[in-house]
Amino acid sequence: MENKLPSFLLDQPSPVSFKQGKGRIKMGFLEEGIHHLAQLIKKGYVQWELSSGSGLFQKIDARVKVLFLLFFVIIVNLKRDLLSELYIGGFIFSLALLSRIRIVTFYSRVLFLGFFLGFLIAFPSAFNVITNGEMVGPVIRFSKPINFWIYHIPAEVGITREGIYGVIRLTLRVINSLSLSFLVLYTTPFSEILRALKVLKVPDTFIIIITLCFKYIFIFSKTAEDMHLSKKSRMVREATHAEAREWIAGRVAFIFMKTRLRYEEVFKAMIGRGFSDTIKLYGFPKMRTGDCYAGTFLLFTGVFFLFI
Amino acid sequence: MIRLEKVSYTYFDKIPALSDVSLKMNKGEKVAIIGANGSGKSTLLQIIGGLRYPVSGKFFFEGIDVSEKSLRNKGFLRFFRERVGYVFQDPDVQLFCPTVLDELLYGPLQLEISKEEALDRAFEIMKMLGIENLKDRPSYMLSGGEKKKVAIGSVLTMNPEVLLLDEPTNGFDPKTQCFLVELMLALNEAGKTLVIATHDLSLVDELQATVGVLSEEHRLEKTGNAADILGDEELLLRVNLIHEHIHRHGNMAHRHIHSHYLFHRHESE
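Protein sequence lines correspond, in order, to chains R and W.
With our numbering, letter number 205 in the first sequence gets 203, and the count goes up by one each step, no holes.
Heads up, our numbering is the position in the second sequence plus 215, with the first residue counted as 1.
In case anyone wonders, no lab produced these hints; they're calculated from the structure.
From a predicted model like this one, the values you see are computed outputs, not experimental measurements.
For every residue, glycine included, the Cβ atom is placed at its ideal position computed from N, Cα and C.
Take the hints with a grain of salt, since some may be wrong.
[Claimed, not checked] No farther apart than 27 Å at their CA atoms in a straight line, the calculated lysine-lysine pairs in the DSS-like style are these:
id	chain 1	residue 1	chain 2	residue 2
1	R	K230	W	K390
2	W	K242	W	K437
3	R	K230	W	K289
4	W	K273	R	K229
5	W	K390	R	K2
6	W	K273	W	K284
7	W	K289	W	K273
8	R	K229	W	K437
9	R	K229	W	K390
10	W	K239	W	K437
11	W	K242	R	K2
12	R	K230	W	K437
13	R	K57	W	K437
14	W	K242	W	K289
15	W	K342	R	K229
16	R	K230	W	K330
17	W	K242	R	K230
18	W	K289	W	K350
19	R	K230	W	K221
20	R	K199	R	K213
21	W	K273	R	K230
22	W	K239	W	K289
23	W	K330	R	K229
24	R	K2	W	K342
25	W	K350	R	K229
26	R	K2	W	K350
27	W	K284	R	K220
28	R	K2	W	K330
[Unchecked claim] Some, not all, of what chain R presents toward chain W, calculated at C-beta under 10 Å:
id	residue
29	F6
30	D9
31	M225
32	K230
33	R232
34	V234
35	T238
36	A240
37	M255
38	L259
The task is simple: from the sequences and hints, build the whole structure.
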């Protein structure tokens, strides 16, 4: 066999030594982003799969938790005063504590998403261009009001008290809704949520879409991370920004293609095991007395928040 | 050449993969890491390949501590990657270039080898592996065996000094498995250090490698030569690489230790 090896494979490596290279390798922004996204999704997935701790919420039946989520999200979005939103936020915080969730990780995700989905989106409405009211922070002054098409820009543009109130209210609503969702997601395995949705008569099509999306996201993130490792094993130098962009642009389609093929195989495996367009899940056990008490407590607490 | 000192690793801070593994490998050696599924073989190989970093413990290559920090040094990154090649268990993971030829050229071009020499290397490797007809195919249009050949070829074109092979014979037909074993032996004779992760005991026997046995508790149970380890039935039973098995021949029931290649030996024999 040895004489069949290409001659370059018989070359001996250079003597053992290495020159301390000048500078350090910096991972490209896009590359690092892909890696971290894949890690984040995978961590979330594992956390979800392993959400079987011994805290308060983990012990409650998934049907109760899904109904609690829907009921409280409606309440959070019906309340108009800030104090009620803060009370609800405090209640969710205490539930998270009792469920032994890692509070710092939990709220760092909630606040990060709350900032983008709540505060940033609502912030422009703090200005008197959108919300009229008492001016508390003038920003710019024009010589005269500007009228453009259907828009009216007053001579003095600034932040209004009513605008700030609206932004805070919307941000709190988003944060509370996210906290509720994360609380249920962190304390309920995915399969339990699906079964609860099925029991609550959510259409099969909707459940299939959620299941397949979930599977697809995981396969996609796994493919992206594997590709990152594979590239890393053959990277001997720092890629320039242009090379990194070119690589990523070239691989996006490739990743989608690979993921789609893998996903199709998963779907074929589902069909191979008798999957049709109806989801058949084994039934939930009977609700325990503890779940009934927990459900009643959460119902009355919700009603209380609704009327304060 | 390779030294691991009390290396431990956990996934997501929850799932243990390796626990206090210490191991030494010499230049030109053939080493097989064996263990049952989930014992941590691939994780160990990825740590040696500088793809994951120990949660605790140290890994040294040629006496230099390999860590996330040291691999951010340009000089050391090049030194390490041109010497250590990694073949993934799942070839789908490894192949990310548009065509087979691009895949084979990726490594040499990274090493800044001239385009002519890189092409020469790619064609020589394709010829050796018998995949010249696949050069313009995208990887997702290859069979499992072809993908694995391309994955191995993509690392060989870089001519690394150390080859890390994760389940190298998985997915090959018997003829190709035999070819691959011969190739590994030839590469080792040419001076390459081979580190393979496998649960295929016949491969260990054929390579006559130095063996490290990982237990299901992710610890290194024992190291030794192939004959010592393969002869230690009690150890292999304990780490779940072989199992006791009862079956009938006509009216006679046999109980024997079973492994497809080495231990299909009846007590009455």
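Hint check results:
In summary, the hint linking K230 of chain R to K390 of chain W is not supported, as the alpha carbons are separated by about 32 Å, beyond the 27 Å threshold. Proposed proximity of K242 of chain W and K437 of chain W is supported: the alpha carbons are some 20 Å apart, at most 27 Å. For the proposed pair K230 of chain R and K289 of chain W, the alpha carbon gap of about 13 Å is at most 27 Å, so the pair holds. With a CA separation close to 24 Å, the supplied pair K273 of chain W and K229 of chain R stays within the 27 Å bound.
For the proposed pair K390 of chain W and K2 of chain R, the alpha carbon gap of about 17 Å is at most 27 Å, so the pair holds. For the proposed pair K273 of chain W and K284 of chain W, the alpha carbon gap of about 13 Å is at most 27 Å, so the pair holds. Taking the CA atoms of K289 of chain W and K273 of chain W, the gap is near 20 Å; set against the 27 Å cutoff, the hint holds. The straight-line distance between the Cα atoms of K229 of chain R and K437 of chain W is roughly 33 Å, outside the 27 Å bound, and the hint therefore fails.
Pair hint K229 of chain R plus K390 of chain W does not hold up; C-alpha atoms about 30 Å apart against a cutoff of 27 Å. Straight-line distance between C-alpha atoms of K239 of chain W and K437 of chain W comes to about 13 Å, which keeps the hinted pair within the 27 Å bound. Distance hint between K242 of chain W and K2 of chain R is fulfilled; the C-alpha atoms sit about 23 Å from each other, no more than 27 Å. A threshold of 27 Å between alpha carbons decides the hint, and for K230 of chain R with K437 of chain W the separation of about 31 Å lies outside it, so the pair is violated.
Our distance criterion of 27 Å between C-alpha atoms is broken by K57 of chain R and K437 of chain W, whose separation comes to about 43 Å. Between K242 of chain W and K289 of chain W, the direct Cα distance comes to roughly 24 Å. Compliance with the 27 Å bound is thereby established for this hinted pair. Between K342 of chain W and K229 of chain R the alpha-carbon distance is near 24 Å, which keeps this suggested pair within the 27 Å criterion. Pair hint K230 of chain R plus K330 of chain W holds up; C-alpha atoms about 21 Å apart against a cutoff of 27 Å.
This hinted pair checks out: K242 of chain W and K230 of chain R have alpha carbons roughly 24 Å apart, not beyond 27 Å. Proposed proximity of K289 of chain W and K350 of chain W is contradicted: the alpha carbons are some 32 Å apart, above 27 Å. Simply put, K230 of chain R and K221 of chain W have alpha-carbon atoms about 25 Å apart, close enough for the 27 Å limit, and the pair holds. Between K199 of chain R and K213 of chain R, the direct Cα distance comes to roughly 22 Å. Compliance with the 27 Å bound is thereby established for this hinted pair.
The straight-line distance between the Cα atoms of K273 of chain W and K230 of chain R is roughly 20 Å, inside the 27 Å bound, and the hint therefore holds. This hinted pair checks out: K239 of chain W and K289 of chain W have alpha carbons roughly 26 Å apart, not beyond 27 Å. Distance hint between K330 of chain W and K229 of chain R is fulfilled; the C-alpha atoms sit about 20 Å from each other, no more than 27 Å. Among the hinted pairs, K2 of chain R with K342 of chain W is consistent with the structure: their alpha-carbon atoms are about 10 Å apart, no more than 27 Å.
A hinted pair counts as satisfied when its Cα atoms are at most 27 Å apart, and K350 of chain W with K229 of chain R qualifies at roughly 20 Å. As the CA atoms of K2 of chain R and K350 of chain W are separated by approximately 20 Å, the hinted pair is consistent with the 27 Å bound. For the given pair, K284 of chain W sits about 25 Å from K220 of chain R by alpha-carbon distance, which is consistent with the 27 Å threshold. About 23 Å separates the Cα atoms of K2 of chain R and K330 of chain W, which keeps this hinted pair within 27 Å; it holds.
At its closest, the beta carbon of F6 of chain R sits 6 Å from a beta carbon of chain W; the interface hint therefore holds under the 10 Å criterion. The criterion of a C-beta within 10 Å of any C-beta in chain W is met by D9 of chain R, whose closest approach is roughly 6 Å, and the hint holds. For M225 of chain R, the suggested interface contact is upheld, since its CB lies about 5 Å from the closest CB of chain W, less than 10 Å. Satisfaction of the interface hint for K230 of chain R is found here, the shortest Cβ-Cβ separation to chain W being roughly 6 Å, below the 10 Å cut-off.
Because the beta carbon of R232 of chain R sits about 5 Å from the nearest beta carbon in chain W, less than 10 Å, this interface hint is met. Against a cut-off of 10 Å between C-beta atoms, the interface hint on V234 of chain R holds, since the closest Cβ of chain W lies about 4 Å away. Contact between T238 of chain R and chain W, as hinted, is not supported at the beta carbon level, the nearest pair being about 13 Å apart and thus beyond 10 Å. Because the beta carbon of A240 of chain R sits about 15 Å from the nearest beta carbon in chain W, more than 10 Å, this interface hint is broken.
Hint on M255 of chain R holds. Least Cβ distance to chain W is approximately 6 Å, under the 10 Å limit. For L259 of chain R, the interface hint holds, since its Cβ comes within 10 Å of a Cβ in chain W; the closest pair sits about 6 Å apart.
Against the hints set out earlier in the document, violations occur for numbers 1, 8, 9, 12, 13, 18, 35 and 36.
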